[in-house]
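Protein chains: 2
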Amino acid sequence: MKTQLECFPCFLSQALNTAKRVTTKKEKIHNIMKQVCLFLPTMPLDVTPSEFGREVYRIVSAVTGIEDPFQEIKKLHTQQALKLYPRLKELIQSSEDPLLTAIRISIAGNVIDFGTTAKFDMEKDLAVILKMDFAVDHYLAFCKALKKADKILFIGDNAGETVFDCLLIEELGKPVTYAVRERPIINDAIFEDAVEAGIDKVAEILSSGCDAPGCILSLCSAEFLDLYHSSDLIISKGQGNYEGLSDEIRPIFFLLKAKCPVVASDINVPLGSILLKKANI
Amino acid sequence: MKTQLECFPCFLSQALNTAKRVTTKKEKIHNIMKQVCLFLPTMPLDVTPSEFGREVYRIVSAVTGIEDPFQEIKKLHTQQALKLYPRLKELIQSSEDPLLTAIRISIAGNVIDFGTTAKFDMEKDLAVILKMDFAVDHYLAFCKALKKADKILFIGDNAGETVFDCLLIEELGKPVTYAVRERPIINDAIFEDAVEAGIDKVAEILSSGCDAPGCILSLCSAEFLDLYHSSDLIISKGQGNYEGLSDEIRPIFFLLKAKCPVVASDINVPLGSILLKKANI
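So the protein lines, in turn, are chains A and B. Here our numbering is used: the first residue of the first sequence is 2, the next is one more, and so on. Here our numbering is used: the first residue of the second sequence is 2, the next is one more, and so on.
Treat the hints with caution; some may be incorrect.
Given that identical chains are not distinguished, each listed pair holds provided it fits within a single copy or across any two copies.
Stated by the list, open to error - Below, a list of computed lysine to aspartate or glutamate pairs in the DMTMM-like style, where the Cα atoms sit at most 25 Å apart: (1) Lys-35 x Asp-47; (2) Lys-21 x Asp-267; (3) Lys-279 x Glu-197; (4) Lys-90 x Asp-47; (5) Lys-132 x Glu-224; (6) Lys-35 x Asp-267; (7) Lys-26 x Asp-47; (8) Lys-3 x Glu-28; (9) Lys-27 x Asp-267; (10) Lys-148 x Glu-193.
The set of hints was computed from the structure by calculation and includes no laboratory data.
Taking the hints into account, I'd like the entire structure generated from these sequences.
Encoded structure:
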């Protein structure tokens, strides 16, 4: 998925919101905004928003000297999600179709995102998403692919969401490798965040090698790419991974909430939709 | 009022929305966005948002070759407002306090604005604003100033709003000079727009000499400044004029709807408030 000009104001808003999270010094924030302004014209529009985002957040870190502005909030969200775990586990086990319920819960976890300007309320959004219709529903194809799969690659997105992903992995009943980002970027899960969520108990955790807020294959490690090309089912969580993989011809299923107008328009669904979408294979 | 960093994403959104209004050529729109990005870091933050806006819209016009992207929509809004005129005139005449009703109607006209990202519905907003409480209400001071005034300067804002201003001028019962922008900028009223609204029947029309989307005194003509300094009551409509005059020590009354968070925060009122506010004299 390519970057749209609508993303430009959003990049500035993201930079501003993140800068204000870690510093009150107006001069520093102004410096960040100026650097982001000067950066935006240097990039071609045929790259993904995640590649722009990578540099935008790098500027915030470089100017403030804070590598991981979301470190504390990531921990908080993981703890909040872990508290919900027992109740959600029970909900899955008592539901008519535990796998489908686990998919919904995993998508609901995708609301925990600071990379868009959308606001969220974990518990409230969870309740809504559990009842929401899918705008794209390739569940039957997913079940078929799962049945045949020996090796599943699960590309994670945000910290906290990881706990909801745990619940889905437990329902898959197959060996799973869970990919995380290489370094802190927005509130995306890195290795430590996945361990804190308990992913290490249900899957193997692997860094994708990529430090963008999405799965950009050209930035991924050889080890990750090997797995990516040899897995027979790939679960891709969230907008950032969709941006990087939307044009791929691989057995990928995208699980996400369309939180920004540009992604919603690319998928051709209304803003706020949830979807379980098979890649163009 | 100074520009805030929150204005940066908004400038990009305004450039994008205006560019899309006059061209479908992505390359041109991208060029505009790049030029606006490169421009924003060159300005100090102690100037008003109107001074930034002046250059942002100048870039849109320079790249597209269209001097007045809002020409048609300005005409349309003036015509729509003129259709409402008889009903509003009746409303004023039959109301308990015609002057106060005329002030409310003039503020309601201030929703006709493309310089913010707020959307508007002329008739619906009018009905709401007629019943809304003022967040700042210096009506008594206004009545007192009006009684003593011999010479009123009315600084207009947007085309279409001009019709609503006519109704207020008719209630003032004093000689009024109505100031308009020197050249087209967003949907702000220029000389022709004021004439189309019938302002020439109720007041003398004068260009302020300024081509920013607000009254920036350093950009105004000597003729306007003479009048500005000699008038004993100044009515300033809208956000743009407030931005330029908010720190002035003159007998100014600001009539506006706080449509953007930065202006609302500067005045210390909730977003969406209407106000009749005396300048710090």
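| For Lys-35 vs Asp-267, is the C-alpha pair at or below 25 Å within one copy, between two copies, both, or neither? | between (29 Å within a copy, 23 Å between copies)
| request: Go through the copies and call it for Lys-3 and Glu-28: within, between, both or neither, with a Cα cutoff of 25 Å. | output: Classified as between: cross-chain Cα gap 15 Å, same-chain 32 Å, threshold 25 Å.
| Same-copy or cross-copy closeness of Lys-279 to Glu-197 [CA-CA at most 25 Å] | Result: close neither inside a copy nor across copies, 30 Å intra and 57 Å inter.
| query | When no copy is named, should Lys-26 and Asp-47 be tagged within, between, both, or neither for a Cα gap of at most 25 Å? | reply | Result: close only across copies, 16 Å inter versus 34 Å intra.
| Up to 25 Å CA-CA - Glu-193 versus Lys-148, copy category | Intra 31 Å, inter 71 Å, cutoff 25 Å: neither.
| task | First find the shortest C-alpha distance between Lys-27 and Asp-267 inside one copy, then the shortest across copies, and answer within, between, both or neither for a cut-off of 25 Å. | result | between (36 Å within a copy, 16 Å between copies)
| query | Should Lys-35 paired with Asp-47 be assigned to within, between, both, or neither, using CA atoms and 25 Å as the limit? | reply | both (23 Å within a copy, 15 Å between copies)
| said: Treating 25 Å as the Cα threshold, decide for Lys-21 and Asp-267: within, between, both or neither. | reply: between (30 Å within a copy, 18 Å between copies)
| task | Since the copies are identical, ignore which copy is meant and state whether Lys-90 and Asp-47 lie within 25 Å (CA to CA) inside a copy, between copies, both or neither. | result | neither (42 Å within a copy, 55 Å between copies)
| Homo-oligomer pair classification [Glu-224, Lys-132; C-alpha up to 25 Å] | Classified as neither; 38 Å inside a copy, 66 Å across copies.
Hints 3, 4, 5, 10 from the list above are not met by this structure, while the remaining hints are.
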